[in-house]
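Listed below, chain by chain, are the residues.
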Amino acid sequence: MNNILSLFTEEFFYATIRMASPVILAATGEVFLQRSGIINLGMESMVIYGAFFGVLGSALTGSGWMGLAAAMLAGTITGLLYGFIVITLKANQSVTGTAFNIVGIGLTSFLARVIWGIRELPVQVDTIKPWSVPILNKIPFIGHILFDHSPLVYLAYILVGVATFVIFKTTWGLKVRAVGENPRAAASIGINVYAWRYFCAILAGCLASMGGAVLSLVDLNMFVDGMSGGRGYFALATVILGRWHPVGAAIGGLVFGAGNALQMRMQAFGVKIPSDLLLILPFVLAFLAVVIFHGKSSAKPAALAKPYEKEATI
Amino acid sequence: MPTAVKMVNIVKSFPGVLANKNVTLEVEKGEIHALLGENGAGKTTLMNILFGLSQPDSGEIFINDQRVSINSPTDAITHGIGMIHQHFMLIPVFTVTENITLGEHSPKEPLLDLETAKNKILEIGKSAGLHVNPDAKVMDLCVGEQQRVEIIKAIYRGANILIMDEPTSVLTPQETDELFVILHQLTEKGNTILFITHKLREVMAISDRVTVLRDGSLIGTVKTKDTNRNELAKMMVGREVFLTFDKNPTHKEEVVLDLQHVYAKNECGLHALKDVSLQVKGGEILGIAGVDGNGQNELAEVIMGLRPLDRGDILIKQRSVKLNTTRDIIDLGVSCIPFLRQKEGLVLTFSVSENLILKEWHNPPITRKGFFDTKAIIDLSKKLIKEYNIKTTGPNAKVGNMSGGNQQKVVLARELSRNPNLVVACHPTHGLDIGATEYVRQQLLKERERGAAVLLISTELDEIMALCDRIVVLFEGQIMGEVAGEKINVDDIGLMMLGVRQENLHHGTLAVAGCSSAETKRCNVTTTEKDTI
Ligand SMILES: Nc1ncnc2c1ncn2[C@@H]1O[C@H](COP(=O)(O)OP(=O)(O)O)[C@@H](O)[C@H]1O
Ligand SMILES: [Mg+2]
Numbered sequence: 001m002n003n004i005l006s007l008f009t010e011e012f013f014y015a016t017i018r019m020a021s022p023v024i025l026a027a028t029g030e031v032f033l034q035r036s037g038i039i040n041l042g043m044e045s046m047v048i049y050g051a052f053f054g055v056l057g058s059a060l061t062g063s064g065w066m067g068l069a070a071a072m073l074a075g076t077i078t079g080l081l082y083g084f085i086v087i088t089l090k091a092n093q094s095v096t097g098t099a100f101n102i103v104g105i106g107l108t109s110f111l112a113r114v115i116w117g118i119r120e121l122p123v124q125v126d127t128i129k130p131w132s133v134p135i136l137n138k139i140p141f142i143g144h145i146l147f148d149h150s151p152l153v154y155l156a157y158i159l160v161g162v163a164t165f166v167i168f169k170t171t172w173g174l175k176v177r178a179v180g181e182n183p184r185a186a187a188s189i190g191i192n193v194y195a196w197r198y199f200c201a202i203l204a205g206c207l208a209s210m211g212g213a214v215l216s217l218v219d220l221n222m223f224v225d226g227m228s229g230g231r232g233y234f235a236l237a238t239v240i241l242g243r244w245h246p247v248g249a250a251i252g253g254l255v256f257g258a259g260n261a262l263q264m265r266m267q268a269f270g271v272k273i274p275s276d277l278l279l280i281l282p283f284v285l286a287f288l289a290v291v292i293f294h295g296k297s298s299a300k301p302a303a304l305a306k307p308y309e310k311e312a313t314i
Numbered sequence: 001m002p003t004a005v006k007m008v009n010i011v012k013s014f015p016g017v018l019a020n021k022n023v024t025l026e027v028e029k030g031e032i033h034a035l036l037g038e039n040g041a042g043k044t045t046l047m048n049i050l051f052g053l054s055q056p057d058s059g060e061i062f063i064n065d066q067r068v069s070i071n072s073p074t075d076a077i078t079h080g081i082g083m084i085h086q087h088f089m090l091i092p093v094f095t096v097t098e099n100i101t102l103g104e105h106s107p108k109e110p111l112l113d114l115e116t117a118k119n120k121i122l123e124i125g126k127s128a129g130l131h132v133n134p135d136a137k138v139m140d141l142c143v144g145e146q147q148r149v150e151i152i153k154a155i156y157r158g159a160n161i162l163i164m165d166e167p168t169s170v171l172t173p174q175e176t177d178e179l180f181v182i183l184h185q186l187t188e189k190g191n192t193i194l195f196i197t198h199k200l201r202e203v204m205a206i207s208d209r210v211t212v213l214r215d216g217s218l219i220g221t222v223k224t225k226d227t228n229r230n231e232l233a234k235m236m237v238g239r240e241v242f243l244t245f246d247k248n249p250t251h252k253e254e255v256v257l258d259l260q261h262v263y264a265k266n267e268c269g270l271h272a273l274k275d276v277s278l279q280v281k282g283g284e285i286l287g288i289a290g291v292d293g294n295g296q297n298e299l300a301e302v303i304m305g306l307r308p309l310d311r312g313d314i315l316i317k318q319r320s321v322k323l324n325t326t327r328d329i330i331d332l333g334v335s336c337i338p339f340l341r342q343k344e345g346l347v348l349t350f351s352v353s354e355n356l357i358l359k360e361w362h363n364p365p366i367t368r369k370g371f372f373d374t375k376a377i378i379d380l381s382k383k384l385i386k387e388y389n390i391k392t393t394g395p396n397a398k399v400g401n402m403s404g405g406n407q408q409k410v411v412l413a414r415e416l417s418r419n420p421n422l423v424v425a426c427h428p429t430h431g432l433d434i435g436a437t438e439y440v441r442q443q444l445l446k447e448r449e450r451g452a453a454v455l456l457i458s459t460e461l462d463e464i465m466a467l468c469d470r471i472v473v474l475f476e477g478q479i480m481g482e483v484a485g486e487k488i489n490v491d492d493i494g495l496m497m498l499g500v501r502q503e504n505l506h507h508g509t510l511a512v513a514g515c516s517s518a519e520t521k522r523c524n525v526t527t528t529e530k531d532t533i
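Quick note, the sequences are listed as chains A and B, same order.
Under my numbering, think of the first position of the first sequence as 1, with each following residue one higher.
Under my numbering, think of the first position of the second sequence as 1, with each following residue one higher.
There's no promise every hint is true.
Each computed EDC-like pair below joins lysine to aspartate or glutamate, with the alpha-carbon atoms no more than 20 Å apart [as the list claims (entries may be wrong)]:
(1) Lys310/A - Asp75/B
(2) Lys169/A - Glu115/B
(3) Lys199/B - Glu240/B
(4) Lys398/B - Glu354/B
(5) Lys169/A - Asp135/B
(6) Lys281/B - Glu482/B
(7) Lys265/B - Glu253/B
(8) Lys317/B - Glu253/B
(9) Lys252/B - Glu449/B
(10) Lys189/B - Glu28/B
(11) Lys169/A - Glu360/B
(12) Lys382/B - Glu360/B
(13) Lys310/A - Asp57/B
(14) Lys343/B - Glu354/B
(15) Lys322/B - Glu354/B
(16) Lys169/A - Asp113/B
(17) Lys317/B - Asp258/B
(18) Lys281/B - Asp469/B
(19) Lys225/B - Glu26/B
(20) Lys317/B - Glu449/B
(21) Lys169/A - Glu109/B
Worth flagging that the hints you see were computed from the coordinates, not collected in a lab.
Here chain B stands alone, though its shape is the one from the complex (with noise of 0.2 Å):
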């Protein structure tokens, strides 16, 4: 097999961090080759390398066994090589065929001909099982229609090796497996496919070979055929890990959270919340999943009192909290941790301690008569920092120098030292480590144990399956349904994720109805046109 990439100890170095260690990568002409790491591992690094966006220190680069220099995409894309980024770069305002086009040669330039492109884009979408509506604005489509329209825009300009950087992070599980069959269909054509990811269970189901990264260093290729998940993860995190967890029965009576019709509008005074009624018990576990952006933020802030309610009631421990403010929730034994946890869950400048005693600071032993009682401050701080286990120079380091894991463990330690009732925990292990995300998930089942009430945010389908009780799911505001213990079904979980209704599931043909609504991402870009000017 002739090589399409070879990349020959690629170093890159960023002030303070040795990004890629002499990195040898080879990729042959046809695969599906997987770049696996954790987060930081350096694999993004290594692609935008790839494709031009950074310059190595040193190292080699080989496109179809040519040495070759890229200095800018513009010469990655010269050589055939398309990069789909994690975030995608596309512009929602402009149609699937201007944004295909754009700074490509026009055939009547300077005058546009989408004419033209369209018909090209639409051969290109029949050759390759790519199906999408050239005339539709990308605001209106879902992410999956999105991400199509960017391995079109890298065809379409000629690219035969495609790098894509995490691509299933923003897919439902029906749009994963859809974007395989895609993946399968672009290699029989001859295109060659770097897929990056830190799934496993990504790896094992689409690629030929996998190439491990970890902290920068190549740790090695192998054929996917002869390894296997364990081996993978042995690999990506230098030791022993444990995929699956123990959960033991818990005794369940006493609701704890209890959401009644809850109604609750967004920023746009749309409802982000319609209709939601839940109840969470002590000792379990119950998962909210759902496409992020379909009212999971929202949830978590109405509970938290952070978010007017607009209708209906939500009742802790069976008094309604509706009227309260969040300091009254709080001291009601309900603790948080939020999806931003650099923003919401710390601040960042302040110091291990600090951070520490932002929910209790006014509370003895911390203040006695008025004043900061610094002894127990430093004390309390020690002893969770031992506790839990954060790798810090002490009490008064600064949080902001400290790595992601290591933060959520400072949100962790002060939500859970106090022994909550309730837990809402909002993707608690977002952008961590395989380490640290074994260690959050450890707590939270350590807090079902107790018999605390445990709400659980996550777009990680695998994370909800392990650690949840019950499971249901929120699509536009609305809970499509409800699965629990033993008969979760993961197939069924995506498709309401798409939103479609529970008692619709099994009703022969489906009523797909396909896209988060184009309304909630207007929305979204209306709020962040607020903090110009």
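This is chain A alone, in the form it adopts within the complex (with noise of 0.2 Å):
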């Protein structure tokens, strides 16, 4: 008994804070897409890609808030390539997000191994170093648990708020979710349904390369094949279950950062559950959400998912 409570440490609680923020990023972004009315299958590519081009920039600049930018600019290309395809070509979207998926984890891997050759361990970069909150961070065991983290944790906790509040107390949050709900009643009186669906996507796509920043710059200091680890498809899973609402994902992100850091400190403490199917549980948690809430929810966007064409008459 002693045993299982000593798990739950202020460490424990410090490493959920800090896991848990790439999926809140991604999933803060999926909130808007999925709102907007597009589903976005394709949130793991982002993340790689911003976990990826977030250690080449740190890289070439020897900066890894230079690298922060470049995760960004990756995602928001990713983001509007997505969009073009997706909200221009009209394609199915699922099949769209799985192939972006399977390119996005192939791909960094092979230009990883073109940049920097196969190496026993990986090229180490700059990171973006913990910033402690004076004074807050002293307060007793809340404090180190919630302020000695890297600024870009706090900000994915920031956008929480922020995104709350633009979808529900703005006109920008009303028209993109009118955009979702039905799209031809928003054109109807001017609202651009193409130019907010592609400002959703840019955001979603640089909201998720931010949380892949995470990962390479503030959790490690180098790029891992497949270090997105299911984080994009976890994000999704937390945007259903968390009823398309920022502050239910984010807690969907808190749960998958605690059974991360759960997991690892299970492992490190050497209890005898194989590690495999701790790997898996935050998936099946997921599946499940999925399962379960899919398509019940009275908040989901009811033209999710669904190509939006203009016509002359109606």
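Dock chain one against chain two, each of which comes alone in its own frame, and use the hints as you go.
Structure below.
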């Protein structure tokens, strides 16, 4: 009993907050995108591009922050491309997203080999260092858990609040939701459906890649093949589980963070459960969430995954 | 009188159709101007041009005597034009206020300012008699209220010229009356209304002047008080039409269809039919009236064996068919004219003759020893094409390329040439022009005279009242009451369509339920969701 409780230390909670942040970043972008009526199964690719180009940018410039900029640029371009394929070309979104993921994982390992060759240890680069919030980080127990992180981690949580505010309290958010619920109605009063969907696609790509940069420039200081580790898929599940609400999705992200932190600590403590089983746990949860909740929620945008076609006659 | 709208020599073509041929329309300020024409006459096309949803090939538009070019709905709105579409442009999960302010500049931009908006909505509501709760979600409102939201939305955006595309097609008679009161109030305040319809009764009831279109051409503009229904019908169709039918008395004895306490569920597992009991005798037409979506489609489906019975029993010619397949039911002499003729009634990629044999394909003379007898099929098709007056190039023509009226004739030919005992007709004239409508109605009356039992499901009260011997009214899957023969009263039917039971009809203060249930509507939302991803 003592043994199990000892898993839940300050460090465990600290790791939970940190490990949740990439999922939360990706999920926040995905909430916007799905609210606008597009489902992005290709987030996994955007996460791994973020991780890869973050390291590449940092390696080339010697600055972790420039690495982040490179990651965001990569995400923006991927989001734009995804938008072009599903908004303008109206391709099937599930198929497109899946294709993006397959390409993303393959392309990044390939580029890593081409650029850095085959090495025993991957190239190590400058990172985005933690920045403790003065005074607040001295609060007993929660001070360290909440306020000794990298700025990117704080940003993830701040963005959850910003996103909630934008979606529900501003005219922009109302337009995004309208476009996702009934694009024809939105267009009939002069809202540019395509423009808003593109904007959300770019935002989602950019945020997912920032999540990827957390993996490679905050958690580690290098790129590892397939290091996105399913976080993109998990973010998708948290959006559905969280009923298309940024806070709901963030809670899902925290569950993932906690599961991951626990799994790592259990392995470190030598708990006798096959590690493969622990590794798939988050995905089993994600799968169940999609099966159970998909299509039943009234919060689900009514036009989700349906391409919008302009027509002369209505 | 100054003119509010002047459209001069508008030409608009679509691939293969000239939808507007040199149409000129002049609407005076403050009038209710009806735009009358059959389906496909080009009314919606003309109004889409005025609202900037499509561009004319040539022609000029003047608003308040100023030449304007309208390239988008935004342009139209700046010129004070608002359009209330046939299918509402509302977002069901948004509140009334959110729907109305959507896309409008907020005083606190980019923050929403729903309080200010709410007050403005209440103000508009008060001045024009448009009562609606600004905090209600649109999906909880009934159709009449949703339409009011659309009108407020247009006025909120500064519209003083309102285009209403077939606004009554979704309303009950009472809601239509309410709408007419609102329209009069709006014109008294100086608004101009363009009212699109194909219903003569409404033109006579509401409009000051009427412009008639036929086949994309302008037939003329007349003052309503100088014309009458027959003259308008003639302008609209281009020939004399008969607006009433002669019904001969028939011999009604044998009960052909007998529904006993039928319950059935919809896709969401909610009861779409609750304790429905009715009988139809040979030689009579029983009408099912009701606002669309109150269980009519489910009723047709349980009778045809396409939807499982939850409770109760269905007897056809005294035989229980609750365990039978659709094939068995068809073989008992039951024919069906389905609502979605293009999806459920026909295979559009098949030829006329293939569609004509869809029900009897396995019986001689069409099939002999397991093979189709091509000659018999062609002979039969030719006979039916002649008998039912189907306009087509021949038995091998694709049904998908034919007009709606002719497609419906193919369905009728297949279903009625079997000499059925029971005909289940679902919205059989929906979307047809007057000529085809007249033909379909004559055919149903012929079946009745031949001795068949006919169950007629329709949302067109005129149709039901003209054809039926008895009428039952469905509301939320329950029968509200039944009226027969000479005692038919439109107001009573209208109230029952709104959910008032027959026994409560004349009890002084009426407890009007008012809305079809939100539950059913949400179900519709989820069923359409099913085809995502
Ligand atoms: N976007 C379109 N593409 C092709 N044909 C169209 C289009 N819109 C309307 N039409 C055709 O134009 C004609 C007029 O249609 P419409 O204006 O909708 O008639 P109404 O509103 O009077 O019923 C019809 O033959 C219709 O098929
Ligand atoms: Mg029309």
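> Hey, Lys281/B versus Glu482/B, does the alpha-carbon distance stay inside 20 Å?
Replying inline: This hinted pair holds, its Cα atoms lying about 15 Å apart.
> Regarding the pair Lys169/A and Asp135/B, is the alpha-carbon distance no greater than 20 Å?
Replying inline: Answer holds: Lys169/A to Asp135/B is near 16 Å, not above 20 Å.
> If you draw a straight line from the CA of Lys265/B to the CA of Glu253/B, is it 20 Å or shorter?
Replying inline: violated (32 Å)
>> For Lys169/A and Glu360/B, compute the direct alpha-carbon distance and say whether it is at most 20 Å.
In response: violated (61 Å)
>> With the threshold set at 20 Å, check whether the alpha-carbon distance from Lys322/B to Glu354/B stays at or below it.
In response: violated (30 Å)
>> With the threshold set at 20 Å, check whether the alpha-carbon distance from Lys317/B to Asp258/B stays at or below it.
In response: With a Cα-Cα distance of about 8 Å, the restraint between Lys317/B and Asp258/B holds, given a limit of 20 Å.
> Is the Cα-Cα distance between Lys398/B and Glu354/B 20 Å or less?
Replying inline: holds (9 Å)
> Taken at face value, is the distance from the CA of Glu240/B to the CA of Lys199/B at most 20 Å?
Replying inline: Status holds; Cα separation ~16 Å.
> Does the alpha-carbon distance linking Lys310/A and Asp57/B stay inside the 20 Å limit?
Replying inline: Given that 20 Å is the threshold and the Cα spacing comes to 19 Å, the pair holds.
> For the pair supplied as a hint, Lys317/B and Glu253/B, is the alpha-carbon distance within the 20 Å limit?
Replying inline: holds (12 Å)
>> Between the alpha carbons of Lys169/A and Glu109/B, is the straight-line distance 20 Å or under?
In response: holds (10 Å)
> Straight-line Cα separation of Lys317/B and Glu449/B no greater than 20 Å?
Replying inline: Holds, because 18 Å separates the two Cα atoms, which is no more than 20 Å.
Taken one by one, the earlier hints fail for this structure at numbers 7, 11, 15, listed in ascending order.
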